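Construct all of the structure, not just a fragment, from the sequences and the given hints.
So the protein sequences, as listed, match chains F and L. In this text, residue positions in the first sequence follow numbering that gives the first Met the number 0: the first is 0, and each later residue adds one. In this text, residue positions in the second sequence follow numbering that gives the first Met the number 0: the first is 0, and each later residue adds one.
There is no bait here: all hints are sound.
Derived BS3-like pairs: lysine-lysine, alpha-carbon spacing no greater than 25 Å straight-line:
1) F:Lys48 with F:Lys122
2) L:Lys300 with F:Lys52
3) L:Lys374 with F:Lys50
4) L:Lys300 with F:Lys69
5) L:Lys506 with L:Lys142
Since the hints were derived computationally from the structure, they do not count as laboratory data. Keep in mind it's a predicted model, so treat the numbers as computed, not measured.
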Amino acid sequence: MIKTKRVALSWNQEFKDSVADIRYALRGADEKEQSNGELFMLCLGIGFKWKFKVATPPRKSDAVRLSYLKEKDISVMRAIAISETGRADVVTNEDDVYDIVEQYAAGGLALIAKRLSDGDDIKQWLVAEIFTSFEP
Amino acid sequence: MKISSIKIANFKLLADITVEIPAHQSGLVFINGLNGHGKTTLKSSLEWCLFGANQGNDFVSHSTLKGKQPGDFVEVSVEVEFSNSDNSKTYVKRFQTMNVLDGSKSSPSSQPSLLIRIQPANPADPTEILDNPDAWLEKNLPKRLLSYVLFDGEQMEKFFDSKVKSAVEDAVREIAGIDLFDNVKKKLDDIESKTNQKIAKLSGGDASARLQDYERDIRLGEILAQDFETNKQNLVAAEARIKVIDKDLAGLENLSEVVEEDERLNDDLRTLATRRREAQLEFESRILVTGVFSLLKPAFKAVETQASKAAKEGWLPPQFTPASLRALLDSGQCVCGEVLAEDSASAKHIERVIEQFETSSEIGQVLQATSDEIKLTSLSIQGASDGARLLNKRIMELNTDESRLLARREVISSVIANNDADSIAKLGRERSQLQKQRFDLLKDNAQLERQMADHAARIERSKKAYEKATEGDGEVARLRAIASLATRAAAAAGQIHSLVIEMIRKKLESSIDQRFSRLVKKGQFKTEITEDFMIRTVDDLGNYDNLSEGQSMLKAFVFSMSLRDVIGLRLPLLVDTPYGRLSERHRVELSQMLAALVADSANYDGNQVIFLMHDSEYTPYTRKHFLEYNPLETFLSRDDESDVSRLGEGIDPEWLKHTAWKDWAEGIIK
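Below you can see the structure in the form of structure tokens.
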């Protein structure tokens with residue numbers, strides 16, 4: 000088992016400013032904003048759904064610290080890596096798993112940021128994306 | 000007592016008018032004229048002359064002032080000549096000297112003067128000039144009966160509303176001489192109080208204290224009674240107002256309900272919008288928090304596939320952890336109860352499982368953990384999905400509700416589009432408030448009645464305590480006899496007072512019914528004058544106040560005539576614009592009924608009716624109803640150049656140039 004040395008997952012530096020805007024646009028009824036982990040998983044979900052990856056981002060901008068991720072998050076990331084590679088042994092190297100999910104999360108972030116810059120209601124769009132994904 | 004002449008000088012529009020009413024035409028008189036020609040001024044001049052009604056400080060005819068210089072004097076005067084049944088004549092003249100300020104203004108230079116002279120039937124007898132003309136007026140034309148001598152037709156449709164309640168009460172009090180009884184009772188009460196004070200003084204300290212208690216209780220009782228009376232009056236006023244609103248909303252009742260529904264709909268829509276917004280926010284928040292993993296579902300299958308493959312190839316670890324299995328071996332017993340003896344088959348099987356776990360591949364262990372977590376995640380996605388669907392269904396229902404309400408509001412908007420919805424809504428709200436107020440007042444009154452009953456018992460106890468404290472003294476006994484007499488006399492005055500009012504009420508009811516039944520369908524309506532002087536009409540089905548507008552106005556006339564019977568005075572009745580704002584249909588109805596009333600009045604010698612009508616009231620069609628009573632027809636015309644009204648006899652020639660009067664003049668209609 001090859002353990003990673005990184006302490007956090009990253010995403011594109013160029014979308015750093017968008018992250019704050021997205022977080023603001025997605026705040027809940029109680030005005031509470033999403034946590035780093037929640038936002039990363041959301042971007043990952045969108046990137047994965049649309050099969051949109053961007054190159055592994057340089058590790059300059061922390062998206063979420065690994066210590067904040069839950070077992071469920073890690074398991075889902077492994078599932079993505081297995082699904083992406085078609086191999087079960089991908090799970091033995093944490094960096095391989097994190098590289099894959101970082102690319103999808105970066106892709107998801109790019110998609111959401113684009114929608115936001117186009118003036119779309121990203122909250123409505125994301126809710127619709129998720130709601131339709133409930134279909135079996 | 001009939002008016003046989005009216006002379007007016009320098010009073011507003013009427014600079015110089017004399018109305019002569021010949022004896023043979025004195026029963027029915029028409030003084031017609033277009034609006035602005037002086038009809039209402041004529042009525043005002045009589046109010047001033049006969050009742051001293053204030054006319055302000057500047058009521059001199061402008062035409063009179065035109066030729067005057069500042070400092071000049073002008074006399075304004077109105078003189079009414081009455082012919083009495085004994086052939087004597089009474090002249091009532093009020094006059095006032097006015098100081099001219101400039102060509103258009105004046106101010107009084109003295110108080111109005113009143114002169115009354117009586118010319119006996121025998122011309123040879125000397126004319127009597129009254130020393131106290133005001134007393135004569137108060138006796139023969141009481142101010143409180145002004146409303147029943149000079150009528151304003153425009154106000155008659157409201158004649159039986161609460162506003163006239165006090166006028167009716169005034170009239171009944173006037174007729175019954177109630178003020179006199181009130182004074183007698185007050186004096187007797189004073190005597191009782193003073194006598195009791197003397198008794199207390201004679202009887203010493205304790206009696207004085209008891210008297211104070213007794214008098215305090217009486218005062219409290221009076222306050223309670225006053226509160227009760229005030230509440231009762233407020234209740235009557237609230238009920239009357241509710242009735243007026245009901246009438247105003249009659250015909251609009253459905254509309255009023257529609258407007259109320261519109262308001263309710265708007266409230267409902269606002270509530271619905273809030274609930275929908277809340278549901279929408281909850282839906283979004285929950286989806287964004289709990290539903291994100293659903294986006295990753297497609298990856299789960301790959302884990303399932305890899306886990307199945309690993310299971311088949313045996314590199315997945317067993318379901319139990321080595322530590323828990325070792326604990327079983329140490330305890331020597333399985334969870335199923337089987338004894339795990341050393342070297343037993345079961346113990347050996349468990350040892351193999353432990354070995355398998357330790358030797359299974361690293362991949363298998365991670366895959367197993369991932370697969371278990373993914374299964375839990377799938378379950379949580381299902382939960383999130385179910386929750387989101389429920390919320391979505393709720394939002395859809397709220398949307399449907401909103402669409403339904405919006406559609407209903409659109410229908411309502413088209414119904415109320417051409418009406419004053421605000422006014423209707425305001426009336427509706429006022430009615431709701433009044434109904435609530437009415438309910439509260441009824442509750443308060445019931446409570447006050449209980450308090451009054453309790454308090455009456457308390458007064459009785461105070462009185463006995465006081466009497467006990469003053470026992471045994473001869474002078475006291477004598478004074479107590481006086482106090483007792485005063486008490487009984489005061490009570491008797493009160494009873495007589497009530498009896499007289501009751502008698503007057505009954506007489507009025509009977510007289511009104513007698514007249515009204517002759518004019519309207521016999522027995523159809525019955526009149527009730529309530530204890531607090533509300534006049535109500537009950538129809539043969541037991542409904543209150545179900546009169547048409549015409550009937551209601553006629554009833555006001557009838558009431559006025561009946562009042563003359565009961566009061567025993569033969570006062571003329573002068574009515575300005577008798578048809579008020581009645582519709583054409585009701586005018587014809589009222590004309591017929593008025594003609595019948597005039598005919599009826601002829602049976603009551605001395606009654607005199609003077610109508611002041613404008614051109615849309617006095618037409619060939621209304622005139623024909625009255626011709627057989629040989630009326631005096633006069634008209635007021637206006638000379639625009641001199642700004643003066645003049646009186647002519649017959650029909651105004653100007654009227655004959657237009658409409659129905661033209662056809663009448665040409666013989667087309669009769």
